[in-house]
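So the protein lines, in turn, are chains A and B.
Just remember that this note's numbering sits 111 ahead of the position in the first sequence, which is counted from 1.
Just remember that this note's numbering sits 111 ahead of the position in the second sequence, which is counted from 1.
By construction, these hints were calculated from the structure, which means they are not laboratory data.
Accuracy of the hints is not assured; some may be wrong.
Remember, identical chains collapse to one label, so a pair may be satisfied in a single copy or spanning two.
To be verified - Straight-line Cα separation of at most 30 Å, DSSO-like style, residue types lysine-lysine; simulated pairs:
| # | residue 1 | residue 2 |
| --- | --- | --- |
| 1 | 491 | 258 |
| 2 | 258 | 488 |
| 3 | 258 | 493 |
| 4 | 543 | 247 |
| 5 | 491 | 190 |
| 6 | 578 | 493 |
| 7 | 313 | 324 |
| 8 | 488 | 324 |
| 9 | 573 | 289 |
| 10 | 147 | 289 |
| 11 | 147 | 381 |
| 12 | 446 | 493 |
Please read all numbers here as calculations on a predicted model, not as lab measurements.
Protein chains: 2
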Amino acid sequence: MLTIPIETKSKMPIYEQIYRYIRDDIISGSLPCGMKLPSGRGLASHLSVSRNTIDMAYGQLVAEGYIEPVPQKGYYVCKLDYLYARKENLYNGGSAEGEQTGYGREGAVESKIPYKVDFSLNGVDMDYFPYGTWRKLMRECLIDDNKDLFLSGDHQGDLELRQAVQSYLYQSRGVRCKPEQIIIGAGSDYMLLLLSRIFESKKHIAMENPTYKQAYTFFESLGYQISPVSVDEQGMRTELLEATGAELAYVTPAHHFPMGMVLSASRRQKLLAWAGGQEGRYIIEDDYDSEFRYAGKPIPALHSQDPFGKVIYIGTFSKAIAPGIRISYMVLPEKLLNRYHQVADFYFSTVSRIDQRLISRFLLQGDFERHLNRMRKIYKTKHDMLLQELRESRLPVEIAGSSAGLHFLLAVGGKTEDAAEQEKRMVEAAAKEGIHIYALSDFYIREELRQPAVLLGYARLKEAEIKEGVLALQKAWEGLFLDRM
Amino acid sequence: MLTIPIETKSKMPIYEQIYRYIRDDIISGSLPCGMKLPSGRGLASHLSVSRNTIDMAYGQLVAEGYIEPVPQKGYYVCKLDYLYARKENLYNGGSAEGEQTGYGREGAVESKIPYKVDFSLNGVDMDYFPYGTWRKLMRECLIDDNKDLFLSGDHQGDLELRQAVQSYLYQSRGVRCKPEQIIIGAGSDYMLLLLSRIFESKKHIAMENPTYKQAYTFFESLGYQISPVSVDEQGMRTELLEATGAELAYVTPAHHFPMGMVLSASRRQKLLAWAGGQEGRYIIEDDYDSEFRYAGKPIPALHSQDPFGKVIYIGTFSKAIAPGIRISYMVLPEKLLNRYHQVADFYFSTVSRIDQRLISRFLLQGDFERHLNRMRKIYKTKHDMLLQELRESRLPVEIAGSSAGLHFLLAVGGKTEDAAEQEKRMVEAAAKEGIHIYALSDFYIREELRQPAVLLGYARLKEAEIKEGVLALQKAWEGLFLDRM
Numbered sequence: 112m113l114t115i116p117i118e119t120k121s122k123m124p125i126y127e128q129i130y131r132y133i134r135d136d137i138i139s140g141s142l143p144c145g146m147k148l149p150s151g152r153g154l155a156s157h158l159s160v161s162r163n164t165i166d167m168a169y170g171q172l173v174a175e176g177y178i179e180p181v182p183q184k185g186y187y188v189c190k191l192d193y194l195y196a197r198k199e200n201l202y203n204g205g206s207a208e209g210e211q212t213g214y215g216r217e218g219a220v221e222s223k224i225p226y227k228v229d230f231s232l233n234g235v236d237m238d239y240f241p242y243g244t245w246r247k248l249m250r251e252c253l254i255d256d257n258k259d260l261f262l263s264g265d266h267q268g269d270l271e272l273r274q275a276v277q278s279y280l281y282q283s284r285g286v287r288c289k290p291e292q293i294i295i296g297a298g299s300d301y302m303l304l305l306l307s308r309i310f311e312s313k314k315h316i317a318m319e320n321p322t323y324k325q326a327y328t329f330f331e332s333l334g335y336q337i338s339p340v341s342v343d344e345q346g347m348r349t350e351l352l353e354a355t356g357a358e359l360a361y362v363t364p365a366h367h368f369p370m371g372m373v374l375s376a377s378r379r380q381k382l383l384a385w386a387g388g389q390e391g392r393y394i395i396e397d398d399y400d401s402e403f404r405y406a407g408k409p410i411p412a413l414h415s416q417d418p419f420g421k422v423i424y425i426g427t428f429s430k431a432i433a434p435g436i437r438i439s440y441m442v443l444p445e446k447l448l449n450r451y452h453q454v455a456d457f458y459f460s461t462v463s464r465i466d467q468r469l470i471s472r473f474l475l476q477g478d479f480e481r482h483l484n485r486m487r488k489i490y491k492t493k494h495d496m497l498l499q500e501l502r503e504s505r506l507p508v509e510i511a512g513s514s515a516g517l518h519f520l521l522a523v524g525g526k527t528e529d530a531a532e533q534e535k536r537m538v539e540a541a542a543k544e545g546i547h548i549y550a551l552s553d554f555y556i557r558e559e560l561r562q563p564a565v566l567l568g569y570a571r572l573k574e575a576e577i578k579e580g581v582l583a584l585q586k587a588w589e590g591l592f593l594d595r596m
Numbered sequence: 112m113l114t115i116p117i118e119t120k121s122k123m124p125i126y127e128q129i130y131r132y133i134r135d136d137i138i139s140g141s142l143p144c145g146m147k148l149p150s151g152r153g154l155a156s157h158l159s160v161s162r163n164t165i166d167m168a169y170g171q172l173v174a175e176g177y178i179e180p181v182p183q184k185g186y187y188v189c190k191l192d193y194l195y196a197r198k199e200n201l202y203n204g205g206s207a208e209g210e211q212t213g214y215g216r217e218g219a220v221e222s223k224i225p226y227k228v229d230f231s232l233n234g235v236d237m238d239y240f241p242y243g244t245w246r247k248l249m250r251e252c253l254i255d256d257n258k259d260l261f262l263s264g265d266h267q268g269d270l271e272l273r274q275a276v277q278s279y280l281y282q283s284r285g286v287r288c289k290p291e292q293i294i295i296g297a298g299s300d301y302m303l304l305l306l307s308r309i310f311e312s313k314k315h316i317a318m319e320n321p322t323y324k325q326a327y328t329f330f331e332s333l334g335y336q337i338s339p340v341s342v343d344e345q346g347m348r349t350e351l352l353e354a355t356g357a358e359l360a361y362v363t364p365a366h367h368f369p370m371g372m373v374l375s376a377s378r379r380q381k382l383l384a385w386a387g388g389q390e391g392r393y394i395i396e397d398d399y400d401s402e403f404r405y406a407g408k409p410i411p412a413l414h415s416q417d418p419f420g421k422v423i424y425i426g427t428f429s430k431a432i433a434p435g436i437r438i439s440y441m442v443l444p445e446k447l448l449n450r451y452h453q454v455a456d457f458y459f460s461t462v463s464r465i466d467q468r469l470i471s472r473f474l475l476q477g478d479f480e481r482h483l484n485r486m487r488k489i490y491k492t493k494h495d496m497l498l499q500e501l502r503e504s505r506l507p508v509e510i511a512g513s514s515a516g517l518h519f520l521l522a523v524g525g526k527t528e529d530a531a532e533q534e535k536r537m538v539e540a541a542a543k544e545g546i547h548i549y550a551l552s553d554f555y556i557r558e559e560l561r562q563p564a565v566l567l568g569y570a571r572l573k574e575a576e577i578k579e580g581v582l583a584l585q586k587a588w589e590g591l592f593l594d595r596m
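Extracted from the complex, chain A is given alone in its bound form (with noise of 0.2 Å):
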């Protein structure tokens, strides 16, 4: 029999009380899975109280499947199964990422495999995070109890931070828009799907090859026709472009992902004339990691040079400030507002109140160019030192890619038409080294002729560990270069 305590004065009425007293239990395992409840006569008469009360509390507990009635028996405690199931979970702390470790752009989960250095091409250096700044703020914004921020505001994203990103876009990628044009975001996986109701229908879009995988991954799943374009050394081959058929071009011209180079002049060229020569086509201008350039001018944005109003802007804080900060902007022609009145603009804001005021007060208030420049010299060191200590490695390897971004491109011997599996060979054998790399096979969308490389990303890593990765490199390519070594 259950002796429960009942509070005759409580306002909580007496059948919660036994609810709530049984519910803990079985929760705590006191009440065992399996275990026989008395009947409701035989506990109404035990607790003094009615058995219409008794009979209230089996109910919610039967309702909220804490027991069960078996007929002619009576009620019983049920197998807590999910409740408890936590260690059966096929999802452990992140491993649904784990595949796509270091193919990404914005994934940083530690790669499972004891790697002694990984040269992963995802994440930032969280070592320099401004996290007092970041606590201020966060604070600031909460001290107030400021009731608004905890309601829902502008579809679009708050005023101040379009007006925030407007000015910030404005002065470092010369993008001049107005903040109707601009829509904040969780994500540019989200923006890519706002970006779909926006078009009428599945479309045709174009592609440098290789690419970034999850963009790719995004238009096929959407049923896209996607047409690969080559690159070489000044960007996407834009002459092949009209000959596509495409309506749609998506392009990384700031910093090609993932082979690093500068879309030139005449190219750009070329692919706003293309997209100005027909209705209906526009580019998608993916500027992911534009804050990270060492030498030379800054490379202005495609959007600031567009004079048809044709290309569709999307950014990022997930490189300039962290991956966990769900922040993206996209900045729509003045011709797709309409359209995305109609069907689009309905959506409620994926971005916290708070998080949008976090971030435009870190943008307004000047923490984000100090951020930036700071990470700038810190991304420098890493890129100089990677560049010096492979230069005087004795790896046969041409550096690519090097004035910008995150990561160096190697590329190793003749064009080949076994490129992907030459990469293989060297991916497997610095693994026997304790050392990752990143195959370039892995984005293309449709291989070609072209020489053998792989990827190393240098963000997260640590002088010692540059030092450490490149011998470790130079050692375990020694028997696959022998002849030029």
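The hints should help you fit chain B onto chain A, whose structure is shown.
Same frame as chain A, but now just chain B:
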């Protein structure tokens, strides 16, 4: 001529010092729009730097849109239209949502018209938000400079949060599921977007008539065929479902939106049987405000009664915590998990890691339960008061939907073809007295022979406003219902 102080010992290149000096002067207005800059040669000689240095500085200013070259003349300061165009903005702090005020379930921007009392259906009472707890949790999330919270996490949502949601749903809604079935996302709109990716093509969907217009707009914008299904006092008339030919049904079984009734037990069985009767049929259960129930037993989620694995459950923290917190959750049936992994699990999460951590702690530490209990009491007081005021008034209305949620429905007179027109008069008469109420016709997909009715939300009203509102409503409607008062 510009006299720019140059620090030769600075690490900053001289061209950049010049560039920044001029840029800042342009931004501050010291160099106004249209002003001619000194010639490159002149300035170089003036500052005793090389001509090349000036060219680089000017080049960058041109690239970033601060100045422009005029052939044969020189460089001129550009008009900074966009940077300073803030006053021209179409959107001034929430007006994008202005049109929808009162008509959604999430929005909470104050209406523009200076109503004395707005019985808005939106928003929550933020006077009782646990700001202190929130600040404390936020501080705890940041206090360890917890690096991993700034890296990207599990695409479905962090396991800790999915487990917390699983446990909450199990205990409070009887929903049994595994964390693998739960997807965390930035709002219910995003959940529907994900869902639309999971369904292979455009679908035929049945919706309650009237219904939540945000969802209706969503499916309509996607090109879904939509079959409205009438409701009566038992909820959706499920006997009409089969004949529509729909494959999906979007329903609000625990508390119909906006009418407020509970879907009856027999209708639930019929609805589930319909879904179980054919491959490919699914029910989308939007359990939007089930947290607030004031009378009778808690209504279990339809999901908890589903033997076929055909219910997709969607819930949100917008009502139970705050609309500005962009976190919703969806429970996918096991049958749909494969498809989800095929087409949509590559999307990065749309909720920041910090928000995820914060909410999971809020749930796990019992703060959510405490908050809900407190709010339930507060809303019940408002609810009871509004109910009493309405009953004591001489208003000739039937009150419906009053056992749950955050709004009532007031029905007037008999069924008529003319309900929308009568509602319009009721709403306008109220508006003249400064009272904002909402016509039921706004929620109808297709009009029907029915009782005219208006909706009164009370979540954000103070007790005095409730009294004032009902009094004013009485006055407003006197002329309308002379015969019955």
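Comparing the hints with the structure gives:
no.	hint	verdict
1	491 with 258	between (42 Å within a copy, 22 Å between copies)
2	258 with 488	between (39 Å within a copy, 21 Å between copies)
3	258 with 493	between (44 Å within a copy, 20 Å between copies)
4	543 with 247	neither (45 Å within a copy, 47 Å between copies)
5	491 with 190	neither (57 Å within a copy, 34 Å between copies)
6	578 with 493	within (10 Å within a copy, 67 Å between copies)
7	313 with 324	both (19 Å within a copy, 26 Å between copies)
8	488 with 324	within (29 Å within a copy, 51 Å between copies)
9	573 with 289	neither (41 Å within a copy, 39 Å between copies)
10	147 with 289	between (68 Å within a copy, 26 Å between copies)
11	147 with 381	neither (78 Å within a copy, 32 Å between copies)
12	446 with 493	neither (43 Å within a copy, 48 Å between copies)
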